[in-house]
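Using the sequences and the hints, build the whole thing.
In this note's numbering, the protein residues as written are 18 to 116.
Simulated from the structure, these hints should not be mistaken for laboratory data.
Check before you lean on any hint, since a few could be wrong.
[Claimed, not checked] Per label pair, the in silico range of CB-to-CB distance:
hint: 1; residue 1: G73; residue 2: V107; range: 36 to 44 Å
hint: 2; residue 1: Y102; residue 2: K71; range: 30 to 38 Å
hint: 3; residue 1: K37; residue 2: Y102; range: 29 to 37 Å
hint: 4; residue 1: G83; residue 2: E57; range: 35 to 43 Å
hint: 5; residue 1: W76; residue 2: W52; range: 19 to 27 Å
hint: 6; residue 1: E103; residue 2: D74; range: 19 to 27 Å
hint: 7; residue 1: G110; residue 2: W76; range: 32 to 40 Å
hint: 8; residue 1: G110; residue 2: D74; range: 45 to 53 Å
hint: 9; residue 1: D80; residue 2: D109; range: 26 to 34 Å
hint: 10; residue 1: G73; residue 2: S105; range: 36 to 44 Å
hint: 11; residue 1: T56; residue 2: K77; range: 30 to 38 Å
hint: 12; residue 1: E57; residue 2: D85; range: 37 to 45 Å
hint: 13; residue 1: S99; residue 2: D74; range: 30 to 38 Å
[Unchecked claim] Here are the simulated EDC-like cross-link-like pairs (lysine to aspartate or glutamate), alpha carbons at most 20 Å apart as the crow flies:
hint: 14; residue 1: K53; residue 2: D72
hint: 15; residue 1: K48; residue 2: D95
hint: 16; residue 1: K37; residue 2: D80
Small disclaimer: the values here were computed from a predicted structure and weren't measured.
Built from N, CA and C at the ideal position, the CB exists for glycine as well.
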Amino acid sequence: MNFDGSPTDPSVPMQTKKQKPTHEVRLGHIKAAVWKNETEAGVRYNATFSRIYKDGDDWKSTDSFGRDDLLLLGKVADQVHSWIYEQSQVDDGASKPRS
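Okay, structure coming up:
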């Protein structure tokens, strides 16, 4: 097994290997994961948001947010938006031919 828990056997299809986010933002218990998607139109980024919490000795996550989470969720979303915008500029620059 690889360090991320994925199998090293080349006969195992790629779909069984767990994809990791391109970028993550976390403030307190609110976390965002940014996912890079290659499309025919170019690179596109999507984000998922979660709230982590402890249930006994186990850490869990949910996509449900309470009133007191919303301001932090907005701040995380703002940081993710800025990162995606900046990364899109880098991606666009890399795809343009140099003269």
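**Request:** With 45 to 53 Å as the target window, see if G110 and D74 comply at their CB atoms.
**Result:** holds (47 Å)
**Distance restraint between K53 and D72, which requires alpha-carbon spacing of 20 Å or less** = Violated, because 31 Å separates the two Cα atoms, which is more than 20 Å.
**Asked** Is the hinted range of 30 to 38 Å satisfied by the C-beta distance from Y102 to K71?
**Response** Holds: the Cβ-Cβ distance is about 33 Å, inside 30 to 38 Å.
**Prompt:** When you take the CB atoms of G83 and E57, is the distance between them in 35 to 43 Å?
**Reply:** This hint holds: roughly 40 Å between Cβ atoms.
**Asked** That 19 to 27 Å hint for E103 and D74 (C-beta), does it hold up?
**Response** For E103 and D74 the Cβ distance comes to about 38 Å; the hint is violated.
**Prompt:** Between W76 and W52, does the C-beta distance stay in 19 to 27 Å?
**Reply:** Holds - the Cβ-Cβ distance for W76 and W52, about 21 Å, lies within 19 to 27 Å.
**Prompt:** Using the C-beta atoms of T56 and K77, is the stated range 30 to 38 Å upheld?
**Reply:** holds (32 Å)
**Asked** Holds or violated: 37 to 45 Å for the Cβ distance of E57 and D85?
**Response** With a Cβ separation near 42 Å, E57 and D85 satisfy 37 to 45 Å, so the hint holds.
**Asked** If you draw a straight line from the CA of K48 to the CA of D95, is it 20 Å or shorter?
**Response** holds (12 Å)
**Prompt:** Does the Cβ pair G110, W76 satisfy 32 to 40 Å?
**Reply:** The hinted range 32 to 40 Å holds for G110 and W76, with Cβ atoms some 38 Å apart.
**Message:** Against the range 29 to 37 Å, how does the distance between the Cβ atoms of K37 and Y102 compare: consistent or not?
**Reply:** Once the Cβ atoms are compared, 22 Å apart, the range 29 to 37 Å for Y102 and K37 is violated.
**Prompt:** Taking 20 Å as the top limit, are the C-alpha atoms of K37 and D80 close enough?
**Reply:** Given that 20 Å is the threshold and the Cα spacing comes to 18 Å, the pair holds.
In this structure, the earlier hints numbered 3, 6, 14 are contradicted, and the remaining ones agree with it.
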